[in-house]
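Sequences and hints are given; from them, build the entire structure.
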Amino acid sequence: MVRKAVLSDVEQIHKLIKNASKKGNVLPRSVLSICENIRDFFVFEVKGRVIGTCALHVVWKELAEIRSLVVLPRYRRRGIGGELVKEAIKEAKSIGIKKIFVLTNNERFFKKFNFKRVKRDSLPHKIWIDCINCPKFPVCDEVPLLLKI
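At the far end of the sequence shown sits residue 150, using this note's numbering, and the numbering has no gaps.
By construction, these hints were calculated from the structure, which means they are not laboratory data.
DSS-like mimics (lysine-lysine), calculated; alpha carbons at most 25 Å apart, straight line:
1) K91 to K113
2) K100 to K113
3) K100 to K62
4) K149 to K62
5) K113 to K87
6) K149 to K5
7) K62 to K99
8) K48 to K19
9) K19 to K5
10) K100 to K112
11) K149 to K113
12) K16 to K5
13) K94 to K62
14) K99 to K113
15) K149 to K120
16) K120 to K99
17) K48 to K87
18) K117 to K91
19) K62 to K117
20) K62 to K112
21) K100 to K117
22) K5 to K99
23) K24 to K113
24) K19 to K87
Right, here's the structure in full:
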């Protein structure tokens, strides 16, 4: 089931993100960063174990980013990632967000939720600050997608 993350989830969230970041799928996040942004995170929990996570990070007035979407490999292709994204979109609507973007190398997944490809320079420059921490920087293989809600 999807729910908002709480501080007792931090270690499990960190482990998920750490393992996915080693494969280049998401940016690494420190335990401190996860703690500081715990209100951004959702988790998918099964029998007390966090098997998936994602965050909705507000960037600017009516703009947010879906980031750190990770599902344990053995639980993929079961709709868990989709449930996490749907919950993030639902929360975005409830707080007045008008646009959600994602930087991804899995364009097909996000197109299921009506995200559309946009030009990199159509997004605010401040979002690229996180790219400095990416091992792929400056050669990025991710595409920017945007959902208007």
